[in-house]
Amino acid sequence: MIALPSSLNANLVIGIALLVMLLVVAGAIVRTRSLLAAIILFSIYSLVSAVWLVVMDAADVAFTEAVIGAGVSTIVLLGAILLTRGEVEKPGWRALVAPALVCAGVGGLLIYAAAGLPALGDPASPANAHVGRAYLEAAPKEIGAPNIVTAVLASYRGFDTLGETAVIFAAGIGVALMLGFGPHASPLPPAATIGDHHVVLRVSAKFLIPLIALFALYVQFHGDLGAGGGFQAGVIMAAAIILHALVFGLRDTMMAVPPRLVRSIAALGVLLYAGVGVACMLNGGAFLDYDYLFPPAFEKQVPGWLLGDPEHAHHWGQHFGILLIELGVLLTVAATMLTIFYGFAGRTVEAIRQERGA
Amino acid sequence: MSFILLHFNYVAVAILMMAGLFVVVSSSNLIKRMIGLAIFQTSTGLLYISLGKVSSGTAAITVDAASPEKQALANHLDPAYVAQYGVAGVVYSNPLPHVLILTAIVVGVATLAVGLAIAVRVREAFGSVEADEIEVLSRLESAQAGSQA
Chain C
1 MIALPSSLNA NLVIGIALLV MLLVVAGAIV RTRSLLAAII LFSIYSLVSA
51 VWLVVMDAAD VAFTEAVIGA GVSTIVLLGA ILLTRGEVEK PGWRALVAPA
101 LVCAGVGGLL IYAAAGLPAL GDPASPANAH VGRAYLEAAP KEIGAPNIVT
151 AVLASYRGFD TLGETAVIFA AGIGVALMLG FGPHASPLPP AATIGDHHVV
201 LRVSAKFLIP LIALFALYVQ FHGDLGAGGG FQAGVIMAAA IILHALVFGL
251 RDTMMAVPPR LVRSIAALGV LLYAGVGVAC MLNGGAFLDY DYLFPPAFEK
301 QVPGWLLGDP EHAHHWGQHF GILLIELGVL LTVAATMLTI FYGFAGRTVE
351 AIRQERGA
Chain P
1001 MSFILLHFNY VAVAILMMAG LFVVVSSSNL IKRMIGLAIF QTSTGLLYIS
1051 LGKVSSGTAA ITVDAASPEK QALANHLDPA YVAQYGVAGV VYSNPLPHVL
1101 ILTAIVVGVA TLAVGLAIAV RVREAFGSVE ADEIEVLSRL ESAQAGSQA
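First to last, the sequence lines map onto chains C and P. With the working numbering, the residue at position 123 of the first sequence is 123, and numbering never jumps. Whatever position you read off the second sequence (first residue = 1), add 1000 for the working numbering.
Simulated from the structure, these hints should not be mistaken for lab results. Backbone N, C-alpha and C define an ideal beta-carbon position, used for all residues, glycine too. It cannot be assumed that every hint is accurate.
[Said to hold, decoys possible] Which stretches of chain C does chain P cover? Using the computed rule of at least three CB atoms under 8 Å from a CB of chain P, they are:
hint	segment
1	54-68
2	166-177
[As the list claims (entries may be wrong)] Derived list of chain P stretches under chain C, where covered just means 3 residues or more per stretch with a C-beta under 8 Å from a C-beta of chain C:
hint	segment
3	1001-1012
4	1029-1035
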C-alpha cells in the first residue's frame, strides 16, 4: 500500500474524472434506442478512453484506441447499420429484469474482488515489480530501441505479434468472403457519389490526405523511438484512403487502389513478417531471433563507422528486424482495414443499385 | 478514503464491463449487441492498463540519464523512491500490459468487423437483425423443411 501524497495527485483526480465520463457515456449507450446515437456515443467513449490511457502512461495504446475506436470501428459500424437498417425496439421491462439481475450480481462480485487487487500505481505489485521491471532493465541493453513497448511487441513477443497479425489477416479474408471485395459489375451511377457542391470538402480533403499518409509513415518509422508502430500506422494509412473514398466516391478510390492489389498486400505483410523469422533461422538463430538476421560474415564486412560504437553494433540485427516486421504489420493492417471497408462499402453500393432497379 | 480512490479504477472497470454485458444480453438487435461486446472488450483493456500504472511513472520510452527530460522527471520525486523503483534513475510504468492491449484493440476491431459482416448476411437471409424475429423465422423454415420431407 503506497501512501497518497498530501496534496491529491493530479493524475489520479484527472483519471477518476475521465472514468466517470466513461461511465456516463456507457450508461447513455445502454439507454439509447437509436443505433446511430449508440455508434456516435461509442466513438466518444473511445476518444475519452484514449485520453484516459494517456493519463495512465499508455501512450502507444492511447494512439491505437484513438485511431481504431474513434475512426475505423465507427466507419464499420455505420456501414453495418446502413446495410441492416435496424432500429432498436423498446423491450418490455419484464424482459430486462433477468439480465439486470445477472449483471448486478456479477458486477457486485467483481467489485468485491477489486478490493484484493493492488492499489493503483503500486510499484511493488507483482506485475510491476517482476516481469515489467525485467523488460525495462533488459530491453535497452538487448534490443537498443528506446520505446520498450515496441521492443517487447516486436522482438521479445514477436511470435505473439505474428499470430495477431495473422488473426487480423484472417478476419479481413473472412469479411471479404462474406461481403465480397467491393461492388462488382459496372461502376456506380454518379448520383451515389458526392455532388459537386461539396467543393470545400473536396479541397480540404485534397490537402489533408497526403498529410495523413505522411503522418502514417512518421508513426511507422518513429515507432521504435517514440509512441507508434506498424499497427497504428497501418490504420492511419487506411484512414487516409477511406477519407478519399468518402469524399471522392468509392469508384475513384477503387481505381486508384484496386481491391486486387489490397488483397495481395495483406498477404505480403504476413509473408514478410514470417519471412524475417525464417531468415533468422537460416542464419543459425531461432525463429524471429533478429540477432541472427544478418549472417556473421556480412556483419564483418560492414565498415566500422557505419556500425557505430562496438557496444551497440550487435543491435543492428534487432534494429532492422523490428523495422522489417513493423513494415509487415503496416502492410497487413492497412490492407485488411481497406478490405473490410471495401467489403462494407461495396455491399452498400449493391444495395443502393438493387433499390433503384426495383 | 485513499483506499477507495486507489481502487476506483477497478470498480469503474467492473461497472463498464457489466454495462457491456447487459447490452449483449438484453438487446435483441445484433448490431447493438456487437457494440455491447466492444464495450466489454475495452473495459478488459482498461483493467490491464490500470494494473500496469506505476505511481509517478512515465511512459515506457527510455530517456537518456543525462538529459534535461530525466532531470525534469526526477525533480519532483523522492530520491529514495526513484532509487528503489526506477530503472537507471527514471520511474517507468509497466510496458507489458500496453503491449498486450495494443494488439488486442486491433484484433478487436477486426473481429468486430467479422461479427458485423455476419449480421449483414443474416439480414440478407432473414430480412431482420432482431434475434427474436430471426428465431421465429428459422423455426418456421425448419418446420416447412420438415413438412416437405
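- Query: Among all the numbered hints in the text so far, which are the ones the structure does not match?
  - Reply: none
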